[in-house]
Amino acid sequence: MLKIIDISKTFNPGTANEVKALQGVTIEIEKGSFVCVLGTNGSGKSTALNAVAGSFMVDEGRIILDGMDITRWSEHKRAGYIGRVFQNPFSGTAPGMSIQENLALALKRGKKRGLGWGLPKHVVENFKKLVAPLNMGLENRLENPIGKLSGGQRQAITLLMATAIRPKLLLLDEHTAALDPKTASKVIDLTQQVILKDNLTTLMVTHSMQHAVNLGDRIIMMHHGKVAYDFKDEDKKRLKVNDLLNLFDELRRKDNIDPAVAELLKEQYV
Amino acid sequence: MSLLIGSFTIGLILALLALGLFISFRIFNFPDITAEGSFTFGAATGASLIVAGMNPLLASAAAFFAGLTAGSVTGIIHTRFNINPLLAGILVMTALYSINLHVMGKSNIPLLNVTTIFTWVDNFSVWISGAGSRTNVLGWDVAMKDIWLLLFCLMGILIFCILLWWFFKTNLGTAMRATGDNDQMIRALGVNTKAMIITGVALSNGFVALAGAMLAQFQGFADVQMGIGMMVWGLASVIIGEAIINDHSLGFVIAGAVFGSVLFRLLVAIVLRWGLNPNDLKIITAMFVFIALILPGLMQNRKKYTFKKKIHA
Ligand SMILES: Nc1ncnc2c1ncn2[C@@H]1O[C@H](COP(=O)(O)OP(=O)(O)OP(=O)(O)O)[C@@H](O)[C@H]1O
Ligand SMILES: [Mg+2]
Numbered sequence: 018m019l020k021i022i023d024i025s026k027t028f029n030p031g032t033a034n035e036v037k038a039l040q041g042v043t044i045e046i047e048k049g050s051f052v053c054v055l056g057t058n059g060s061g062k063s064t065a066l067n068a069v070a071g072s073f074m075v076d077e078g079r080i081i082l083d084g085m086d087i088t089r090w091s092e093h094k095r096a097g098y099i100g101r102v103f104q105n106p107f108s109g110t111a112p113g114m115s116i117q118e119n120l121a122l123a124l125k126r127g128k129k130r131g132l133g134w135g136l137p138k139h140v141v142e143n144f145k146k147l148v149a150p151l152n153m154g155l156e157n158r159l160e161n162p163i164g165k166l167s168g169g170q171r172q173a174i175t176l177l178m179a180t181a182i183r184p185k186l187l188l189l190d191e192h193t194a195a196l197d198p199k200t201a202s203k204v205i206d207l208t209q210q211v212i213l214k215d216n217l218t219t220l221m222v223t224h225s226m227q228h229a230v231n232l233g234d235r236i237i238m239m240h241h242g243k244v245a246y247d248f249k250d251e252d253k254k255r256l257k258v259n260d261l262l263n264l265f266d267e268l269r270r271k272d273n274i275d276p277a278v279a280e281l282l283k284e285q286y287v
Numbered sequence: 002m003s004l005l006i007g008s009f010t011i012g013l014i015l016a017l018l019a020l021g022l023f024i025s026f027r028i029f030n031f032p033d034i035t036a037e038g039s040f041t042f043g044a045a046t047g048a049s050l051i052v053a054g055m056n057p058l059l060a061s062a063a064a065f066f067a068g069l070t071a072g073s074v075t076g077i078i079h080t081r082f083n084i085n086p087l088l089a090g091i092l093v094m095t096a097l098y099s100i101n102l103h104v105m106g107k108s109n110i111p112l113l114n115v116t117t118i119f120t121w122v123d124n125f126s127v128w129i130s131g132a133g134s135r136t137n138v139l140g141w142d143v144a145m146k147d148i149w150l151l152l153f154c155l156m157g158i159l160i161f162c163i164l165l166w167w168f169f170k171t172n173l174g175t176a177m178r179a180t181g182d183n184d185q186m187i188r189a190l191g192v193n194t195k196a197m198i199i200t201g202v203a204l205s206n207g208f209v210a211l212a213g214a215m216l217a218q219f220q221g222f223a224d225v226q227m228g229i230g231m232m233v234w235g236l237a238s239v240i241i242g243e244a245i246i247n248d249h250s251l252g253f254v255i256a257g258a259v260f261g262s263v264l265f266r267l268l269v270a271i272v273l274r275w276g277l278n279p280n281d282l283k284i285i286t287a288m289f290v291f292i293a294l295i296l297p298g299l300m301q302n303r304k305k306y307t308f309k310k311k312i313h314a
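Chains as they are written, first to last, in my numbering: chain A, 18 to 287; chain B, 2 to 314.
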């Protein structure tokens with residue numbers, strides 16, 4: 018479904034702030050696969066997701082979605098096929114507009130927006146059925162501005178919005194990180210339901226190893242802009258939180274050795 | 002009384018300007034100074050075409066399109082070349098000054114012995130109520146002609162308000178509002194936000210230019226200077242409207258802009274009547290808008306401050 022082929026991205030190239038955020042990342046994801054992406058802060062997880070979503074153009078490499086080469090597509094064109102939920106609950110909804118207007122906007126994802134009425138009655142009726150299962154009492158507040166909702170409620174709605182029209186690919190970037198543990202687990206449950214129901218191909222960035230172990234069928238661990246580990250199928254099923262912690266430790270140890278080794282080599286050769 | 006009615010009428014005409022600035026400033030958060038140039042551009046286009054013998058309705062429509070063009074240039078400069086909104090507006094406003102002089106051929110076009118939209122309204126009032134007829138409104142003696150003018154402007158602005166309200170409730174209009182509210186979100190829903198901004202700024206300047214064309218026809222001349230200070234004027238209307246109508250739903254905000262425009266015009270007529278030097282009008286307007294802009298923030302700070310005091314007490 019998604020082929021990320023050897024993509025690289027350097028921010029602020031040639032300046033003091035140069036960051037090699039992605040250094041040749043290759044990931045191939047089958048249709049219906051649910052992939053959790055782990056990695057330390059700054060390892061390039063968000064950058065990888067943003068590269069797929071088209072927030073910026075990659076320097077090198079190609080991105081193929083369902084057979085379409087989307088490498089040079091604009092962000093809004095890709096959005097026709099990709100649903101997204103961001104880490105910041107403020108990012109995924111228009112705060113000044115009502116819940117129903119936000120949902121109506123999502124129902125037109127990737128479609129032509131013309132001069133038809135934005136909130137037809139039959140559509141609004143459906144919204145009640147759509148948000149009722151959230152058990153957040155939102156079905157009676159559809160006309161309230163979304164800005165008045167809590168972060169958890171917003172993320173739940175954003176998730177509904179991202180999947181209101183079945184996306185070929187769902188990108189979740191730490192979408193529960195800003196929520197309290199109870200709300201976070203509620204949103205994670207909802208995430209799992211939504212993904213299972215439509216058998217969505219999903220890339221989910223998370224810092225929760227528990228979530229990574231419990232959810233999905235694959236774990237990718239990123240480090241310094243590269244894929245460090247990739248566990249599928251049986252390997253992934255065997256993986257426990259402790260194993261992941263050990264892997265993180267191993268990466269950290271390598272980091273600590275690397276500069277020392279580099280120093281040693283320098284002394285020998287320079 | 003006829004001063005009052007005159008102010009009402011001009012206030013309604015300039016409400017078109019307020020609606021334009023409402024689109025750029027409130028919907029798109031785009032401080033668009035192109036308005037200063039496109040107001041004159043509309044007046045210049047409308048007046049020149051009318052003098053050349055064009056039907057005034059068509060000439061006004063042409064003024065609207067002139068504004069659309071000016072606004073889309075600003076929008077394109079901003080979105081395609083990543084130039085800050087204010088700077089993009091200043092560039093187009095400056096360029097428009099020369100363009101306006103070219104359109105007009107001189108710095109002032111009188112519209113005295115030509116047919117304007119308001120000539121039609123005058124003729125209509127003569128046809129309905131007879132020439133020079135007067136009536137009594139709340140004890141004041143006023144010309145029927147002025148009342149018909151007022152009613153005409155009221156009807157006109159009502160139609161534009163409804164059209165605008167309807168437009169911003171359509172799928173396209175909703176996407177535009179979302180662009181101003183959270184562009185990241187609406188891009189993730191497949192909307193080309195650059196195209197939305199260009200269209201929005203164009204529409205805004207269309208309204209502003211139409212306001213210019215209507216004012217030129219109402220006062221009987223177009224002047225190359227008439228756009229100066231119009232952006233702040235429109236902003237003042239929008240801000241006053243928001244202050245009176247404390248409701249953020251679309252319909253109320255649009256109505257607020259119209260109320261604000263009329264009220265602001267009345268305010269100006271009153272202070273001028275009191276003997277304010279007309280030369281000081283712009284500085285007063287600027288100060289007024291400044292205060293209106295900082296007032297909500299100040300009040301919030303005060304609230305926070307008293308709240309803090311309560312906690313510490
Ligand atoms: N737009 C940008 N401009 C400059 N540098 C950037 C930009 N986006 C990301 N970076 C840098 O790229 C690197 C990778 O960032 P990224 O956000 O992908 O990390 P991450 O794995 O998502 O981390 P976290 O877990 O903290 O979210 C970081 O060093 C970051 O500072
Ligand atoms: Mg991140």
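Derived by calculation from the structure, the hints in this document are not laboratory data.
Note that the structure is predicted; figures quoted are calculated from it, not measured.
There may be inaccurate statements among the hints.
[Claimed, not checked] Which residues of chain A face chain B? A few of them, derived with a C-beta cut under 8 Å, are:
1) G109
2) E118
3) A123
4) L268
5) R269
Think of the CB as a built atom: it goes at the ideal place given N, C-alpha and C, for glycine as much as any other residue.
Here is what the structure says about each hint:
{"no.": "1", "hint": "G109", "in the structure": "holds, 6 Å"}
{"no.": "2", "hint": "E118", "in the structure": "holds, 6 Å"}
{"no.": "3", "hint": "A123", "in the structure": "holds, 6 Å"}
{"no.": "4", "hint": "L268", "in the structure": "violated, 31 Å"}
{"no.": "5", "hint": "R269", "in the structure": "violated, 33 Å"}
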